[in-house]
Amino acid sequence: MMELAYPVGLIVVAAAIIIGFTALVREKDDLHRILLTDLAEVIGLVLIALVATDLAEALILPGLVVGISELLAVSEVYIAKEGLREPTGPAFRIEVMDSAPGILALVLVAYGVFLSGFTGGAIAAVGVVFYFMCRGHAEQFELIETVSGYAWAIWIAAFFIFMFLPQYWFFGVMMAGGAILVKVMAKMSLVGTMRRGGPDV
Amino acid sequence: MTPEFILGCIILIIGVIAAGFPREKTYLSRLINLEIPAFGLLLIMLAYDEMLALLTFIGVTAISTFVLVRAIERREAAE
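If you're matching them up, the sequences are chains A and B in order.
Counting from 1, one number per residue, gives the positions in the first sequence under my numbering.
Counting from 1, one number per residue, gives the positions in the second sequence under my numbering.
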C-alpha cells in the first residue's frame, strides 16, 4: 500500500506549491514574503521526505542547515535595509523566563549530547539559545570560535580514519558524532546572543 | 498509506492555505499559522520513520521562530 503513497504525496505537494507560491506572488510586504519563504521551505522538505529512505534523511539535514542560514541572512538584510532599530523601553519579561532556563537548558543539552551528531547539536543549541536569551550572556566569543574550530578539525580527522584505518570505524564514528555536536551547538548558540543587552552580532 | 501519512497530507494542505491566506493578515497570525504545515511535515516524516530528520526539524524550527520574532518585533516597534 505504501507504493500508492508516493504519487498521492506528490499530488498533495504540487497543490501545496501552487497555493503557497500564489500567496507569495500576491504578497507586497517584504516581511510577509520572508514568512512565506519559510512556508516554501517546509513544502520543499515534504518533497524530500517522500523519498522515504535514509537518503531522505541525509538530504533533509543539509536542507535544514541551508534553510536556517538563509533565513538568518535574509532577516538581517531586511533589518539593515529598513533601518530597523531595537525597540526601546523596558525589556519583555515574563515569570517563566526567570525560573525555567536552568532546568530546561540542562534537559535539552543532556538529550542533545545523548543523541550526538548534527541532530544532537541542534537540540542542545536550542537549550543554549534559550538560556542565553533569558539569562543574558557574558562569554568570550573568541573561546567559542576556537572550540568550534577544533571540533571542525576533529571532524575532518574522523574522515581520515574512515579512509586510511577503516578497522577503527567505530572510533571514527564517535569522533565525528562528538565533533559535529560541538560544532553545531557552538555556531547555533550564537543566535541566542542576538537579543538586546549585548553586542549585537 | 498509513493513517499518519493521510493525516499529514490533510494538515499540510490546510496549513498551506492558512499560512498563505490568513484571515487576519498580521505578522504574528501568519507566523503562528506557519506551525500548521510544519506539523503536517512532522506527521509525514513520522509515517516514514525519519526520526533524525524529525528531531532536527523541531530543533531548527525553534531557532528560526526566534529569528523571525526578532525581525517582527523590530518592525512592529518601528510603526
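Hints are computed from structural coordinates only; laboratory data are not their basis.
Please note that a few of the clues may not be correct.
What the hints assert, rightly or not - DEER-style ranges, computed between Cβ atoms:
no.	chain 1	residue 1	chain 2	residue 2	range
1	A	Pro87	B	Ile6	28 to 38 Å
2	B	Phe39	A	Ser69	20 to 30 Å
3	B	Pro3	A	Val77	16 to 26 Å
Unchecked claim - Rough simulated footprint, nothing fancy, chain B against chain A, three-plus residues with beta-carbon under 8 Å:
no.	region
4	99-105
5	111-125
6	150-160
7	169-176
Every residue, glycine too, gets a C-beta built ideally from N, C-alpha and C.
Unsatisfied constraints (hint numbers, rising): Failing hints, ascending: 1, 3, 4, 6 and 7.
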